[in-house]
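A.B. asks: Letter by letter, the sequence shown follows residues 1 to 134 of full-length UniProt numbering.
The hints are simulated quantities; they were obtained by calculation from the structure and are not laboratory data. A couple of the hints might just be wrong.
Calculated cross-link-like contacts (lysine to any residue; reagent style SDA-like; alpha-carbon spacing at most 25 Å) [what the hints assert, rightly or not]: (1) Lys14 with Ser47; (2) Lys14 with Arg59; (3) Lys14 with Phe56; (4) Lys14 with Ser66; (5) Lys14 with Arg119; (6) Lys14 with Gln62; (7) Lys14 with Arg67; (8) Lys14 with Val129; (9) Lys14 with Gly30; (10) Lys14 with Arg132; (11) Lys14 with Leu75; (12) Lys14 with Asp52; (13) Lys14 with Glu98.
Source: prediction; values computed, not measured.
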Amino acid sequence: MYLLDTNALSELIKRQPQRQFMERLQQYPGEVFFTSSICVMELRHGSSRREDRTVFWQRIEQEILSRVTILAFDLREALLAGDTLAYLSRRGELIGVEDLLIGATALAYNYTVVTGNVRHFQRIPNLRVENRLA
Numbered sequence: 001m002y003l004l005d006t007n008a009l010s011e012l013i014k015r016q017p018q019r020q021f022m023e024r025l026q027q028y029p030g031e032v033f034f035t036s037s038i039c040v041m042e043l044r045h046g047s048s049r050r051e052d053r054t055v056f057w058q059r060i061e062q063e064i065l066s067r068v069t070i071l072a073f074d075l076r077e078a079l080l081a082g083d084t085l086a087y088l089s090r091r092g093e094l095i096g097v098e099d100l101l102i103g104a105t106a107l108a109y110n111y112t113v114v115t116g117n118v119r120h121f122q123r124i125p126n127l128r129v130e131n132r133l134a
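Could you put together the complete structure from these sequences and hints?
C.D. replies: Shown next, in the form of structure tokens:
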């Protein structure tokens, strides 16, 4: 199972998405793709800054959110995020809060994160990460 990060989700609505990425996604049935409610927040933030925010958000709902299962951030994810934050703090390797929360969600479900931002996610112990955008 795969948790698509925000930049992977964003690729789905680009006018010209990366052909390799789209071909790789089409190799799997749709039921294997998930995302985090944190990614939904990031998508909403990005769309809210646009002049065409209402129309763009409708595209996100129709072309992205309707195709993936959204995983909520709850107690299990929060505990994993707290433990991971403590670990990264001790090592002096902090990452952005959003990536930390997305990574904790993937850990909670034992899913692989699909992202173009492997640098941050690779710091999270035991998290599987794939860069399908490369």
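A.B. asks: Does lysine 14 pair with arginine 67 here, judged by a C-alpha cut-off of 25 Å?
C.D. replies: 16 Å, holds
A.B. asks: Hey, lysine 14 versus arginine 59, does the alpha-carbon distance stay inside 25 Å?
C.D. replies: 11 Å, holds
A.B. asks: Given the hint that lysine 14 pairs with aspartate 52, test it: the Cα-Cα distance must not exceed 25 Å.
C.D. replies: Roughly 15 Å between the alpha carbons, so the hint for lysine 14 and aspartate 52 holds.
A.B. asks: Holds or violated: lysine 14 and phenylalanine 56, Cα atoms, limit 25 Å.
C.D. replies: 11 Å, holds
A.B. asks: Need the status of pair lysine 14, glutamate 98: alpha-carbon distance at most 25 Å?
C.D. replies: 22 Å, holds
A.B. asks: So if I understand the rule, the pair passes when the alpha-carbon distance is 25 Å or less; does lysine 14 with serine 47 pass?
C.D. replies: With a Cα-Cα distance of about 13 Å, the restraint between lysine 14 and serine 47 holds, given a limit of 25 Å.
A.B. asks: Run the distance test for lysine 14 versus arginine 119: straight-line Cα separation, threshold 25 Å.
C.D. replies: 23 Å, holds
A.B. asks: Next pair to validate is lysine 14 with leucine 75; report whether the Cα-Cα distance is within 25 Å.
C.D. replies: 34 Å, violated
A.B. asks: Check the hint pairing lysine 14 with arginine 132 against an upper bound of 25 Å on the C-alpha distance.
C.D. replies: Roughly 15 Å between the alpha carbons, so the hint for lysine 14 and arginine 132 holds.
A.B. asks: Compare the distance between the alpha carbons of lysine 14 and glutamine 62 with 25 Å, and conclude whether the hinted pair is satisfied.
C.D. replies: Answer holds: lysine 14 to glutamine 62 is near 14 Å, not above 25 Å.
A.B. asks: Compare the distance between the alpha carbons of lysine 14 and glycine 30 with 25 Å, and conclude whether the hinted pair is satisfied.
C.D. replies: 19 Å, holds
A.B. asks: Going straight from one Cα to the other, do lysine 14 and serine 66 come out at no more than 25 Å?
C.D. replies: OK: lysine 14 and serine 66 at ~16 Å, within 25 Å.
The structure fails hint 11 only (numbered hints given earlier).
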